[in-house]
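The chain contents come next:
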Amino acid sequence: MSEYILVMKNITKEFPGVVALSDVTFKVRKGEIHALVGENGAGKSTLMNVLSGIYPYGTYSGEIIFKGAECRFRNIRDSEAAGIAIIHQELALNPFMTIAENIFLGNERARNGVINWDETNREAAGLMKRVGLNEKHTTQVKNIGVGKQQLVEIAKALGKNCELLILDEPTAALNDDDSDHLLRLLQTLNREHGLTCILISHKLHEVIKIAHSITVLRDGKTIETLDNSVPVSENRIIRGMVGRELTDRFPKRTPKIGDVGFEIRDWVVYDPLDEERIIIDHVNLYVRKGEIVGLAGLMGAGRTELAMSVFGRAYGKKISGTLIKDGKEITLHNISQAIENGIAYVTEDRKTAGLIHIQDIKRNITLANLKAITNRYVINEDEEILIGKDYRDRFNIKSTSVFQKVGNLSGGNQQKVVLSKWIFAAPDVLILDEPTRGIDVGAKYEIYKIILQLADAGKCIIMISSELPEILGITDRLYIINEGRVVGEMKTSEATQEEIMSIIIRSSAGR
Amino acid sequence: MNRFRDFLNRSLRQYGMIIALVAIMIFFGFMTGGRLIWPRNISALIRQNAYVLILAIGMMFCILTGGNVDLSVGSLVALVSAMSGLTLARLGLPSWLAIILSLLTGLLSGIWQGFWIAYVKVPPFIATLSGMLIFRGINNIILDGQTLPLSGLYVTVGTGSVPDIIPNTVPDFLRIGDLLQLQNKPEYLNATMLVTGLILSVIYVIVVIFSRQSKKRLGYEVQPLRLVIAKVIAFFIAINLFSYWLAMDDGLPIMLILLVVLYGIYNFIANRTVLGRHIYAMGGNIKAAELSGVNTRKIMFLVYSNMGLLAGVAGIVTAGRLMAASPNVGVSFELDAIGACFIGGASAYGGVGTIWGAVIGAFIMGVMNNGMSIMGLDVFLQSVAKGMVVLLAVAFDMYSKSKSRLG
Chain A
1 MSEYILVMKN ITKEFPGVVA LSDVTFKVRK GEIHALVGEN GAGKSTLMNV
51 LSGIYPYGTY SGEIIFKGAE CRFRNIRDSE AAGIAIIHQE LALNPFMTIA
101 ENIFLGNERA RNGVINWDET NREAAGLMKR VGLNEKHTTQ VKNIGVGKQQ
151 LVEIAKALGK NCELLILDEP TAALNDDDSD HLLRLLQTLN REHGLTCILI
201 SHKLHEVIKI AHSITVLRDG KTIETLDNSV PVSENRIIRG MVGRELTDRF
251 PKRTPKIGDV GFEIRDWVVY DPLDEERIII DHVNLYVRKG EIVGLAGLMG
301 AGRTELAMSV FGRAYGKKIS GTLIKDGKEI TLHNISQAIE NGIAYVTEDR
351 KTAGLIHIQD IKRNITLANL KAITNRYVIN EDEEILIGKD YRDRFNIKST
401 SVFQKVGNLS GGNQQKVVLS KWIFAAPDVL ILDEPTRGID VGAKYEIYKI
451 ILQLADAGKC IIMISSELPE ILGITDRLYI INEGRVVGEM KTSEATQEEI
501 MSIIIRSSAG R
Chain B
1 MNRFRDFLNR SLRQYGMIIA LVAIMIFFGF MTGGRLIWPR NISALIRQNA
51 YVLILAIGMM FCILTGGNVD LSVGSLVALV SAMSGLTLAR LGLPSWLAII
101 LSLLTGLLSG IWQGFWIAYV KVPPFIATLS GMLIFRGINN IILDGQTLPL
151 SGLYVTVGTG SVPDIIPNTV PDFLRIGDLL QLQNKPEYLN ATMLVTGLIL
201 SVIYVIVVIF SRQSKKRLGY EVQPLRLVIA KVIAFFIAIN LFSYWLAMDD
251 GLPIMLILLV VLYGIYNFIA NRTVLGRHIY AMGGNIKAAE LSGVNTRKIM
301 FLVYSNMGLL AGVAGIVTAG RLMAASPNVG VSFELDAIGA CFIGGASAYG
351 GVGTIWGAVI GAFIMGVMNN GMSIMGLDVF LQSVAKGMVV LLAVAFDMYS
401 KSKSRLG
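Going line by line, the protein sequences match chains A and B. Residues 1 to 511, numbered by the working numbering, are exactly what the first sequence covers, in order. Residues 1 to 407, numbered by the working numbering, are exactly what the second sequence covers, in order.
Hints are computed from structural coordinates only; laboratory data are not their basis. What you are looking at is a predicted structure, and each value in this text was computed from that prediction instead of being measured. Just so it is clear, CB atoms sit at the ideal spot from N, CA and C, and this is done for glycine as well. Mixed in with the good hints there might be a few duds.
A short list of chain A residues far from chain B (calculated; beta carbon distances all over 10 Å) [stated by the list, open to error]:
| # | residue |
| --- | --- |
| 1 | 25 |
| 2 | 236 |
| 3 | 321 |
| 4 | 327 |
| 5 | 355 |
Heads up, simulated SDA-like pairs for lysine to any residue below, C-alpha to C-alpha not over 20 Å straight-line [claimed, not checked]:
| # | chain 1 | residue 1 | chain 2 | residue 2 |
| --- | --- | --- | --- | --- |
| 6 | B | 216 | A | 272 |
| 7 | A | 389 | B | 221 |
| 8 | B | 216 | A | 407 |
| 9 | A | 389 | B | 287 |
| 10 | B | 287 | A | 407 |
| 11 | A | 317 | B | 216 |
| 12 | B | 298 | A | 389 |
| 13 | B | 215 | A | 506 |
| 14 | A | 129 | A | 146 |
| 15 | B | 386 | B | 376 |
| 16 | B | 287 | A | 381 |
Construct the complete structure from the given sequences, taking the supplied hints into account.
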């Protein structure tokens with residue numbers, strides 16, 4: 001464990017107007033799991049893109065030494081040939097191909113361009129066993145869950161005989177069980193096969209659990225490398241990441257709760273693809289003005305489906321039930337009616353459904369409420385700029401100007417744009433679906449502050465989150481959802497993580 | 001040095017298309033011994049290529065929704081021209097009524113396609129491919145292989161100019177044509193055109209100044225004064241030079257008025273209306289747009305209905321210029337329009353592109369069409385050249401995008 005398999009020396013990478021990496025040095029020992037942590041925009045992904053050849057030699061300055069030799073990768077094929085594999089946050093699988101085909105995609109077992117299916121299937125089965133993937137190799141990837149897809153990616157990397165595996169936020173989209181399985185698999189591969197791993201993660205407890213060393217990046221610079229053979233504390237890492245000690249991860253407030261502002265009664269939704277299958281089963285819940293209500297539950301419990309079906313039937317078939325806002329029943333046939341009635345839904349899927357990446361900040365903010373800047377069908381673009389600036393200042397959206405395309409912002413700042421959009425739509429009821437997913441600690445705190453401000457302004461807030469500490473940290477009351485039903489309701493001050501989990505497990509067993 | 005290159009890069013991206021247009025004009029001007037830019041030829045260029053511009057404006061909206069195209073517009077031009085022949089030549093209706101009926105034909109055809117695309121979810125490529133066959137077929141059924149003569153308003157729109165109502169008292173010093181000793185020396189200058197150009201350019205200057213002042217007063221951001229002055233002067237000179245050029249021929253083509261009005265309307269829709277915003281949003285990310293309350297079905301329906309209407313306009317203009325309804329008019333017009341949009345900077349994935357870009361793209365197409373015809377280039381070679389230009393335009397776009405990509 002002393003020899004370095006990878007040394008990245010004095011790496012500097014600039015984009016027009018931005019220095020993404022400045023003189024970064026990063027060393028990984030052979031056979032270790034090395035975690036790379038830092039806030040969004042700290043330069044983790046950029047560093048890994050330099051390493052894997054996505055940014056080819058010559059577009060950065062500095063040296064990469066892998067297995068003792070200097071490397072000048074021109075593209076991903078070069079780095080893969082050297083034994084480096086990267087698994088991106090967004091999985092790169094073809095959903096319509098089988099598991100076996102995906103494992104060997106780009107690395108086909110073939111002679112003269114003709115695929116040897118026997119060899120493909122045999123080796124695929126072997127790799128699947130190694131990663132603990134219990135499926136048929138002929139199953140199409142679209143039919144397996146995200147957790148298993150992640151395993152297919154790892155099998156794919158192993159199929160390339162990689163010696164250094166880079167995982168970018170591998171557990172961001174996984175539930176606790178799948179995360180555990182994945183982390184244990186990494187440990188096994190590391191211990192038994194000597195696979196060296198670089199793990200990028202925002203989930204510090206995971207990092208502490210499995211990493212041997214931890215390197216912290218901040219603002220494109222290496223801050224420190226911590227030895228984790230004796231586990232370090234989360235606060236110790238956070239101090240390195242944000243440059244200060246975060247004493248409170250959740251902002252404090254004294255809630256001012258009013259009358260019931262929004263109520264869902266007897267809500268039933270069926271699967272749009274299979275109209276016999278019930279997805280939401282007679283759900284009843286209410287939110288008071290100024291109250292933050294959490295929806296806790298496992299992934300796939302139906303929380304997103306509930307939220308979207310309420311939001312102008314954006315999901316589901318054969319929807320029935322009643323929505324009551326300010327004591328009056330409302331009927332919402334489509335999304336624009338929902339918005340007109342003061343309901344907003346902030347999607348969990350920021351990248352593919354929350355933003356228009358090729359448009360700038362101001363246009364994204366005004367999209368859901370163009371009426372507010374429109375005078376007799378004509379959009380007032382000057383006012384739009386002022387509105388964009390206002391939100392940019394208020395929420396501290398780090399950007400060159402309101403004319404910057406949102407695709408170039410970091411995750412936390414993108415989320416602030418999404419929130420700005422929905423706040424500008426002036427809703428009374430805000431449904432926030434995983435509002436802090438994939439966002440670093442510092443930005444999370446800012447997002448929480450925005451949510452609390454909204455509640456204090458008398459809005460009804462429904463917050464869906466898979467991170468229980470977050471639900472316990474900022475909501476006033478919470479519902480526990482499992483298998484499309486409300487299985488519990490409690491005041492947050494009286495709830496514990498253990499209690500919530502046991503309610504979920506008991507309700508699953510009771511069916 | 002670095003800052004200079006930065007500046008050059010930025011202005012290249014912003015004015016790149018105009019620079020390309022000017023370069024192509026100079027190239028063909030040179031290759032044709034100056035004939036391309038003769039006044040007579042400039043007004044011919046406008047009349048002959050108006051259809052590209054009209055169709056490109058409609059096509060730009062289709063492309064903006066997500067890289068969708070309308071393959072049927074060439075056939076629709078033919079169908080509209082056949083309708084004109086039917087109503088005017090065969091049924092003997094007055095030409096204004098024939099024009100209205102023909103426009104209606106275009107609009108209804110667009111609605112027909114919009115219905116299948118938006119509400120039955122037939123992919124646009126396939127729906128309009130079938131439209132291409134259907135409309136061409138109906139044209140042939142109506143005309144039965146014959147060519148019918150057109151007259152009246154059709155010819156006025158297709159070939160006419162605004163009559164010179166101001167007595168011709170142009171002072172000698174304005175007759176630069178004499179000084180330059182152009183071969184087909186213009187006999188006189190169209191004073192109406194000159195005055196119109198002058199009035200328009202003055203109105204332009206006043207509007208710019210006033211809107212800048214009112215913006216300043218309301219606390220909005222304004223462009224730096226020097227830049228504005230440079231732009232105003234450049235436009236002022238360009239408008240007047242252009243009108244002077246047309247004045248040396250037969251003055252203001254009615255077609256040009258039509259084009260300017262169409263450009264004004266659709267540019268306004270694209271940039272300043274909620275509908276325009278929704279179209280761009282949909283092309284940028286359809287899921288995000290839908291979750292923000294954008295009714296994407298309605299947009300598809302409107303965009304394709306509008307394409308039908310504009311194909312109707314293009315059909316009338318084309319039939320009027322040819323003074324006839326013919327069975328094989330409009331062949332491959334759809335490709336000219338699609339090509340113009342991509343030359344003009346539209347993204348093949350949607351969400352990016354401007355009406356201004358469509359106009360410039362259409363002019364580049366037009367200059368190439370005319371220039372190569374004047375050079376007497378073989379028709380098939382012309383086709384090769386046009387194909388290469390479309391390919392290179394998109395390739396250049398992709399290249400400059402990959403250069404400017406942020407991590």
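*Looking at the structure, which of the earlier hints fail to hold?*
The structure conflicts with hints 5, 6, 8, 9, 11, 12, 13 and 16, although it agrees with all the remaining ones.
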